[in-house]
Each structure stands twice: as structure tokens, then as C-alpha cells.
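**Q** Each chain, letter by letter, is given below.
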Amino acid sequence: MSVLAVQGIEKRYGGVSALAGCSFEIPGPGIYGLIGPNGAGKTTLFDVIAGNTPPDRGRVAIDGADVTGLAPHRLASLGVARSFQECRVFPEFSCLENLLFSGRRQGAGQAEARRLLELVRLESYAEQPAAALSFGQRRLLEIVGTFMQQPRLLLLDEPAAGVNPALLETLSQFLLAMFRERPSVLLVIEHNMEFVMALAGEIVVMHQGVVLERGTPQAIQASERVIEAYLG
Amino acid sequence: MKRLVALAALVAALYAVPALATPYLLHVMVLSCLYAIPAVGLNLMLGYTGLVSLGHIAFAGIGAYVAAWLMVDARLGFWSALAIAVAASGLAGALIGAICLRFRSHFFMIVTLAFGLMLYSVMNNWDDVTRGAAGFPGIPRAPGFTTLESFYRLALSGALLAFAIQWRVVRSDFGRILLALRQDERLALAKGVNAALCKTAVFALGSALAGLGGVLLVSFLRVAAPASFTLAESINAVLVVIVGGAGSLAGPALGALLFVALPEYLRVAAEWRLVAFGVLLVLIMLFAPRGLAGLIAEGWRRVARRSQ
Amino acid sequence: MAAALLEQVINGAMTGSVYVLVALGMVLIYGVMHVLNFAHGVLFMLGGYLCHFFLTRLTGNYALAVLLTMAALAVVGAMLERGVFRPLQGNLRNQVIASLGLILALENLAVALWGPNALQIKVPATERLVALGELRFPLQHLLIIGVTAAVVAAMFVFLKWSKFGTALRATSQDRNAARVVGIPVERMDVASFALGTALAALGGALVGPLFLVFPQMGDAPMVKGLAGILLGGMGSVPGAVVGGLIIGIAESVSTLFLPTDYRDSVAFAIMVLILLARPRGLFGVRARGEP
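Protein sequences, first through last, are from chains A, B and C.
Residue numbers for the first sequence follow the working numbering, beginning at 1 and rising by one.
Residue numbers for the second sequence follow the working numbering, beginning at 233 and rising by one.
Residue numbers for the third sequence follow the working numbering, beginning at 541 and rising by one.
Hints are not guaranteed to be accurate.
Claimed, not checked - Some residues of chain B that are not near chain A, with every Cβ distance over 10 Å (derived):
(1) A319
(2) A427
(3) W504
(4) R505
What the hints assert, rightly or not - Quick look at which bits of chain C chain B covers, simulated, 3 or more residues with Cβ under 8 Å:
(5) 544-553
(6) 624-633
(7) 694-702
(8) 727-733
(9) 799-805
(10) 814-822
Simulated from the structure, these hints should not be mistaken for laboratory data.
By construction, the Cβ of each residue, glycine as well, lies at the ideal position given by its N, Cα and C atoms.
Work out the full structure, taking the sequences as your base and the hints as a guide.
**A** If you want it as C-alpha cells, here you go:
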């Protein structure tokens with residue numbers, strides 16, 4: 001039974017078809033990169049999986065159980081966590097409070113929260129409101145928050161966007177460390193090829209609302225179809 | 233520990249007020265308590281959860297009229313009527329809240345406004361049940377609390393109960409959830425918060441508290457009249473919460489005291505008082521959005537910093 | 541029966557026209573600034589009071605008084621936009637609360653300055669009755685309908701064909717894009733607020749001779765204007781016109797079979813029904829914040 005199975009997902013917004021029969025399966029833990037040109041439907045796919053929007057057609061299953069169209073909070077309790085393209089944190093909560101809130105269902109305590117903050121070098125900001133952080137720091141906080149939820153399926157939407165190169169290294173290291181500690185399915189939408197190719201074990205390419213190809217980073221980078229999709 | 237002692241001293245002092253106060257002052261204090269109770273409910277909704285309800289006082293009206301009918305027509309005792317009326321307001325809050333909460337921002341405000349106006353219309357026009365515009369007379373004071381002094385203690389107890397509930401909610405996990413919902417509902421959902429349920433719950437709680445205030449009000453006035461539950465009164469409730477400091481524990485008390493006590497003390501005509509409050513509300517929005525509680529906290533911080 | 545119905549339809553067209561004026565003002569402000577100005581009712585009320593003032597103290601000419609009132613309140617509107625709404629831009633909650641403060645302040649200011657009792661705007665010229673078949677209406681009724689129709693027509697021409705009107709429409713559709721093409725967005729804000737306020741003032745000035753001038757006179761029209769724009773679709777100018785008229789006519793016609801006490805509830809009920817059944821209204825586009 002696959003951890004995540006997406007079958008025939010279709011989604012239209014007005015006259016535009018965002019997803020046109022998207023299907024793929026993820027058998028087990030791993031870091032998967034989800035790439036594709038703009039308009040390929042990547043974020044829409046996340047919105048469907050995470051319950052932010054119901055698909056017009058198709059099925060999403062987690063560990064074999066049908067979760068299509070469930071509300072986001074129900075999916076969260078089933079072990080799905082996500083980050084957002086626009087980077088969302090609770091601005092008035094301190095960094096610590098943000099993390100404690102994220103991990104409250106798992107009973108994660110201050111010790112764990114502080115440990116993770118240290119891993120991303122934000123421990124000195126623990127008591128500061130999240131709004132006081134720079135964008136890159138907030139992105140780190142957001143992602144740490146998702147790990148506090150101890151998810152089985154983690155959807156990261158362009159985690160590297162807008163983050164300066166120095167923090168990117170910290171982010172990469174953090175993601176790998178977390179994955180080693182607790183293997184789960186990490187699905188990472190990215191446009192930063194350097195970042196995602198180095199991080200992911202497998203790459204899924206989307207184009208015009210469907211899965212175009214999947215394979216190792218090396219295979220995908222050499223694939224003519226993929227190159228055409230980006231250029232064409 | 234020091235705080236607890238200070239709080240206990242304050243509460244004791246408040247209960248002792250009748251021994252030292254003139255009937256006029258007592259009257260003012262009673263009204264302050266009666267304004268503070270629904271304000272606590274609205275503070276939980278607006279201040280902590282970010283729900284701008286423009287029809288809050290209508291729920292005070294529901295509590296008031298249910299209690300009135302139970303006590304006068306059904307001849308029920310005060311305490312039973314109170315309990316049922318508060319439950320009724322809470323239930324109405326849950327039902328109407330569930331409808332209103334399907335909307336966001338502008339639309340939420342408009343629906344709450346509309347429901348408030350509709351409820352007022354019913355109170356004003358359904359003569360058979362509500363006695364119409366003239367009001368529902370003959371509402372008794374609670375047995376044993378018929379004098380001004382004793383009613384003050386009753387109203388004070390009601391207010392302290394409301395504040396205790398507020399404190400308990402704010403300190404709890406539920407309180408954290410409310411704050412999260414106010415800051416970013418979408419994110420809260422992604423973190424496993426059942427937004428619809430939680431917002432409905434706080435709407436119901438807020439409405440129940442409004443109902444409590446409503447019952448005590450009409451017991452004090454001995455009449456339940458629609459004029460006590462107009463749109464203007466709902467706006468006053470927002471005023472009390474915002475000026476006092478939305479999202480702060482002491483806010484409703486500060487706001488109610490300011491709204492009721494200060495003008496009485498200054499002896500201005502009612503209209504000019506309200507003009508001043510209207511202007512104050514605008515100024516608060518422009519320059520001190522966290523209200524009195526925010527200003528006091530800021531002042532405290534400055535003093536503390538200077539003394540270091 | 542037909543006569544009674546026609547009578548109520550015309551009554552409704554009259555009150556509906558007043559709601560249209562209020563609704564147009566609110567929809568203009570909402571469209572450009574994305575602010576729901578709850579204080580629109582008190583501006584309407586001030587229109588009534590100022591018209592009375594100008595008529596009795598400055599000029600005996602009603603038309604002139606009305607124009608002066610519109611001008612004066614346009615200035616007030618511009619000041620409010622600059623002083624209150626612009627600093628709070630982007631924060632909807634605070635803008636709405638500020639507008640509540642304005643309601644409180646201005647409504648009670650009217651009581652403080654003019655007393656709680658109603659004033660009368662006496663315009664003998666429009667008191668005479670006009671015959672429509674068997675029915676008789678005061679000229680003021682028809683004046684209201686006529687003036688509103690003219691204003692609506694002028695509005696359409698202005699918004700569709702004038703440079704300024706097009707700039708207003710552009711700003712309401714996409715603020716940033718408008719800025720990019722060089723439209724002075726801040727000036728659009730002031731203009732829409734001034735124009736909207738002038739329309740509210742016109743409503744108050746027109747209604748004064750018929751229904752007296754008193755501090756709470758704007759409360760119901762504000763809510764009904766709101767109901768009108770909800771019905772027509774938030775942000776839609778034709779919607780405001782259609783919505784306002786429907787509310788007015790529905791209200792009046794309802795008195796034929798509902799106790800008149802519940803007349804006001806018709807508008808509220810329509811509001812709630814629209815929000816539940818079709819939040820975008822008749823002509824509206826799906827906006828942010830809708831379920």
C-alpha cells in the first residue's frame with residue numbers, strides 16, 4: 001500500500017484546467033521533488049491533497065484510505081502537514097509559541113521546540129514574535145513548524161523561494177537531518193533546480209496538469225521531454 | 233503570588249463598595265458591571281478570535297426576553313429563569329453563529345448586523361409575546377437581592393464570573409486556538425484546528441455571556457424593553473471592547489468603566505458624551521489600536537525600563 | 541386591487557430611489573477603496589440637516605440648498621477619507637470600527653446641535669399633488685424618482701465615458717495595475733468618497749421635505765442601501781441601482797399583505813436570504829471573503 005496515491009485528479013478554475021488527470025503513487029518514505037513549468041498545476045495539486053480545495057474528479061488516498069475532499073484540519077490529524085508558497089506563520093506568536101502550537105497534538109514540548117530552533121540557528125529568536133523575523137528566517141520557522149507536527153506526508157511549497165543562499169544551506173541540512181531522524185514522505189515543489197536536485201531522491205515532473213515523467217535527478221536532468229516542456 | 237494578593241484585595245474592595253458609596257455611585261457601578269458582562273463575551277469573539285460581530289447585544293436581548301417570559305408568564309423562579317435564559321442565548325449563538333460564520337470579513341459583519349436588526353424587529357413588533365415597543369414589565373429582582381446594595385453585589389458576582397470564565401478560556405488550549413484563528417485561519421486549519429467548530433463555540437459562549445448580562449439588566453431595570461437592545465447598543469458594546477483594549481483580559485472592565493462611569497462623573501449631557509466616545513473610538517483606531525489596556529501596558533513598560 | 545398595487549409600486553420606487561442614492565454612494569466607495577462605509581447613514585442624515593440649514597438660513601431656494609448641501613458634504617467626505625480611512629488603509633477591521641465611531645459621533649452631534657426632535661424642510665412648491673390616473677402623489681415623490689433617475693444616468697455616462705470615471709473603474713478593478721499606468725490612486729480614493737458622500741447628502745436633502753429630518757433618519761436607509769448592494773452584487777453599480785429599487789418596491793408592496801410593523805424586516809430578510817442563497821448577488825463577481 002502506497003503512502004500517497006493520487007488518481008486521475010482533475011480541477012478547473014473557471015475556464016482554465018489546472019489539473020487534467022494527474023496520477024502518481026509514492027510507495028514509501030523519501031524526499032521527492034515536484035517540478036514543472038509555471039501553470040503545471042503543482043500548487044493546485046498540493047491544495048487538493050491538503051484539502052484546501054476539492055478536486056472536480058479523482059481520488060487521493062493515504063495509506064490506502066480515501067481522503068479525497070477531506071477538510072484541511074482532518075488531514076492534519078491524519079498526519080499531513082504543509083508549508084505555503086507565500087510562507088505562513090503566526091505573526092504575533094513567538095517562534096517558540098509557533099512551534100508549540102504546531103506540535104500541540106503530538107504533545108511536543110519546549111525541549112523539542114528549542115532543539116529544532118537550534119538546528120536552524122534561530123534559538124536566539126525563540127521569544128521574539130515571528131513578525132520580527134526576516135523572510136528567510138520566517139520560512140525556516142514555517143518549515144520547522146511543519147516538522148513539529150511529526151507528519152507522515154509533508155508538502156513543502158517552494159521552500160527555497162526568497163531565501164538567501166546562506167540560509168538555503170541551513171535549510172537543506174535541516175531537511176536531511178529531519179528525514180534521517182524520522183523518515184516520512186517529503187514532497188517538495190521547487191523552481192530552484194540546484195536546491196531540489198541535491199535534496200531529492202526522486203523527481204516527479206508535472207506539465208499542463210498531468211505527470212509528465214519521474215525518475216532520479218540525473219535521469220530527469222537528461223530527459224529531452226522535460227527540457228522540451230520547460231522550453232516549449 | 234503578589235498578583236494574586238493584589239487581585240484578592242481588589243475583589244474584596246469591590247464587594248465592600250456599598251458600605252462607602254452613595255446610591256448614585258452604586259447605580260453607576262451596577263451599570264458598569266452590566267455593560268462589562270456582554271463586553272467580555274464580545275471580547276472573546278472580537279478581541280481574541282477576530283470576529284467582528286455587529287449584532288452582539290441582540291443576544292443579550294434574547295436572554296432578557298426569555299428570562300422575562302419565564303419569570304412573568306411562566307412564573308418560574310429567578311435562578312431557573314436565569315439558567316435557562318443564558319442557555320437559550322448560548323444556543324441561539326450557536327445556531328445563528330453557525331450561519332453567520334459561513335461568511336468572512338465584510339459579509340460576516342453584515343450578517344451579524346442583519347440578524348441583530350431582525351431580532352430587534354421581533355422584540356419591537358411581536359406584541360403578543362414580547363409586549364412590543366413599550367416593553368415587558370413586571371420583571372422581579374432576584375430573591376434576596378432586591379435592594380440596590382445587594383443587587384450591586386449580584387451584578388458584581390456576575391461580572392467576576394464572566395471575567396473568571398474569560399481568564400480560564402484565554403489561558404487554555406482553546407484560547408491559543410482562538411488567537412491562532414485570529415492571526416491566520418488558513419494556517420490554523422493546516423495545523424489541525426477545526427475552525428468552524430471553534431468559532432461557533434466561541435460565538436455561542438460570547439452569546440451566552442451576553443445573555444447573562446441581558447437577564448441581569450432587565451432584572452435591574454425591572455422591565456425588558458427593545459430600546460435596550462438596539463443596533464446602537466451593539467455599537468456601544470464594540471466601543472467598550474475596543475476602547476478598553478480588544479484581546480486583553482482587563483479590556484472589558486476598563487472599557488465599561490470608562491463608558492459608564494467617567495461621563496457620569498463629569499456630568500456631561502448624554503449626547504456630548506457619545507460624541508466624545510465616537511471621536512475617541514476613531515482616535516483609538518488611528519493612534520492607539522490596542523486601547524486603554526494597551527496604553528497602560530505600554531506606560532508600565534516605559535516606567536519599568538526607566539527604573540532599570 | 542390593481543390601483544393599490546400600483547400605488548405601492550410607485551411609493552416603493554420613491555423609497556427605492558432614496559436607497560439607490562445611498563447604495564450608489566456606498567458601492568462607489570466599496571468599489572474603489574474596498575471599504576464598507578457603515579457611516580454612510582449619518583452622512584445621509586447630515587445631508588438632511590444641512591439642507592434644512594441652508595434653506596432656512598442662507599437661501600429660500602430649495603434647489604440651491606440641495607446643491608450647497610451636496611458640495612458641503614463632498615468636502616466632509618474628502619476630509620473623512622484623508623483623516624480617517626486613508627491612515628487605516630489595508631486594515632478592514634479598524635476601518636469598520638472607525639466608521640462605527642463616526643456613526644456614534646455624528647449622530648449624537650446632530651442631537652447635541654439640533655435637539656432630538658425632528659425638523660421640517662418646508663418646500664411649498666413640491667407639496668402639491670400630482671395626479672396619475674386615480675392616484676395622487678406629492679410632487680416631491682416624483683421629484684425624488686426623477687432626480688435619482690437623472691443622477692443614475694449621469695453616473696453611467698460619467699463612469700463609462702469620462703476619463704475620470706474610467707480611472708475610477710480601473711482603480712476599483714485592480715489598484716496596483718491602475719497605479720502602474722499612472723492613475724493617481726490616492727486621488728481616486730478621495731474622489732470616490734467625496735462623490736459617494738455627495739450622493740448620500742442628496743438623498744437626505746430629498747427625503748427631508750417628506751419624512752422630516754431627525755438624527756436617526758439615516759439608520760434604516762443605510763441598512764437598506766446595504767441590502768440593495770448585496771442584492772445587486774457588491775461592487776456592481778448597475779446592481780446597486782437594481783438592488784435599491786427592488787428593496788424599496790418589495791418593502792412597499794409587502795405592506796399590502798404584511799402588518800406594516802414588519803416593513804423594515806423585509807429588507808433584512810432579503811439580505812439574509814441573498815447571503816445564504818447567492819452571496820454574489822444578481823450582478824456581482826465572486827469576491828474575496830465569500831463562502
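**Q** Each hint should be assessed against the structure and marked as holding or not.
**A** Right, here's what the structure says about each hint:
no., hint, in the structure
1, A319, "holds (28 Å)"
2, A427, "violated (7 Å)"
3, W504, "holds (37 Å)"
4, R505, "holds (34 Å)"
5, 544-553, "violated (count 0)"
6, 624-633, "holds (count 5)"
7, 694-702, "violated (count 0)"
8, 727-733, "violated (count 0)"
9, 799-805, "holds (count 5)"
10, 814-822, "holds (count 3)"
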